[in-house]
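Enquirer: Residue numbers (the working numbering), protein chains in the order written: chain G, 30 to 223; chain B, 183 to 318.
Honestly, the hints are just simulated from the structure, not real lab data.
Among the hints, erroneous ones may be present.
[To be verified] DMTMM-like mimics (lysine to aspartate or glutamate), calculated; alpha carbons at most 25 Å apart, straight line:
#1 G:206 / B:206
#2 B:231 / G:100
#3 B:231 / G:209
#4 G:60 / G:38
#5 G:60 / G:85
#6 G:60 / G:48
#7 B:231 / G:96
#8 G:60 / G:187
#9 B:231 / G:92
#10 B:231 / G:55
#11 G:60 / B:215
#12 G:206 / B:215
#13 G:60 / G:78
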Amino acid sequence: MDRSGQGSDDAALVLRAREGNAGAFEALVRKHYRGAFAVARSRVENAMDAEDVVQESFVRALERLDDCDPERFAGWFLTMVRNRAHNARIYERRRHGVDPEEAGLATGDEGDGGTGRRARISGLRDALEEAVATLPPVQREILLLHDLEGFKHAEIAETVGVSVGMSRYHLMQARRKMRDELDRDALEVQGHGS
Amino acid sequence: MAAENDHDTHDIEDVEPIDLSGLDPTADRARFDLAVARVVEAARFELAKRGRRRQGFSAIPKLWGRVAWPAAAAVALTSVAVLRANAPAIGATIDPISVEEEMALAVGVPEALAGWVEATESPVLGEILVGWEEER
Chain G
30 MDRSGQGSDD AALVLRAREG NAGAFEALVR KHYRGAFAVA RSRVENAMDA
80 EDVVQESFVR ALERLDDCDP ERFAGWFLTM VRNRAHNARI YERRRHGVDP
130 EEAGLATGDE GDGGTGRRAR ISGLRDALEE AVATLPPVQR EILLLHDLEG
180 FKHAEIAETV GVSVGMSRYH LMQARRKMRD ELDRDALEVQ GHGS
Chain B
183 MAAENDHDTH DIEDVEPIDL SGLDPTADRA RFDLAVARVV EAARFELAKR
233 GRRRQGFSAI PKLWGRVAWP AAAAVALTSV AVLRANAPAI GATIDPISVE
283 EEMALAVGVP EALAGWVEAT ESPVLGEILV GWEEER
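Modelling step: build the complete structure from the supplied sequences, incorporating the hints.
Expert: In structure tokens form, the structure reads like this:
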């Protein structure tokens, strides 16, 4: 993924969006949706909540667009997404009285009524969702930003607030855990299928 | 923002990348378009507000024009009224003596001739020449 020149592209779009240009705003949304989703998904429990966080973050970003350095929109916006996702998680925790992640309920889907783990792993998406949910938030975020959105480690380091070395380390750990999790799921499915 | 020291191809050779395309929210085009449309719709009010604000800025010269033209017209009308009130009545005679005297002084008519001018009597040629010679 070629991300060179993103700052100047963003700057032009930000300036036009500031004037209320819907087309420019939509272009920003299309361009940064996946990155925002990656960040949000690393903090909240499921894809639907992540999409809600992304939507709210874009609207909030538009409201505060005058505060943003147009050349550094991406970092500014992803920080906003991260904070919003964090708040959403706190809200959920208060609502349910417990942090689903800490309680081991971060499964990617909610309220499946005990139909069994394999019932959820009916497709690649569910399997990935479940595997991603087992990762600590920072590894989740780095994995999604790197392998889904195509961020480089230097970009991740700046966005997430870790060193380039730690970004590499977390990515490696995340991939290992993901692979183990996916392999285990595959074995379980095979075992139940035979 | 890409860093030169970013060696993505070397740092994690022991763990291959995982295909996360299943989690890509943009993979399903129709669903992604819907999500984008939802965001833009949610931002409609703010976009309209910003659009109005921009129009507000661009309307300032127009607004100034709207104020300035009537003001200029009012000043012009007042000026005309004042000038009319203070101007001499039409047909009023201007004192010919004073004018001719001033003209005589302005063009440097000899002092002796100025008396003729002032008296509004036409001197004969001889009198003019005498006056001229006296001045010399």
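Enquirer: For each hint, tell me whether it holds in the structure or not.
Expert: Here's how the hints hold up against the structure:
no., hint, in the structure
1, G:206 / B:206, "20 Å, holds"
2, B:231 / G:100, "23 Å, holds"
3, B:231 / G:209, "51 Å, violated"
4, G:60 / G:38, "10 Å, holds"
5, G:60 / G:85, "16 Å, holds"
6, G:60 / G:48, "19 Å, holds"
7, B:231 / G:96, "17 Å, holds"
8, G:60 / G:187, "19 Å, holds"
9, B:231 / G:92, "10 Å, holds"
10, B:231 / G:55, "16 Å, holds"
11, G:60 / B:215, "12 Å, holds"
12, G:206 / B:215, "33 Å, violated"
13, G:60 / G:78, "20 Å, holds"
Violation of the numbered hints given earlier is confined to hints 3, 12; the remaining hints are satisfied by the structure.
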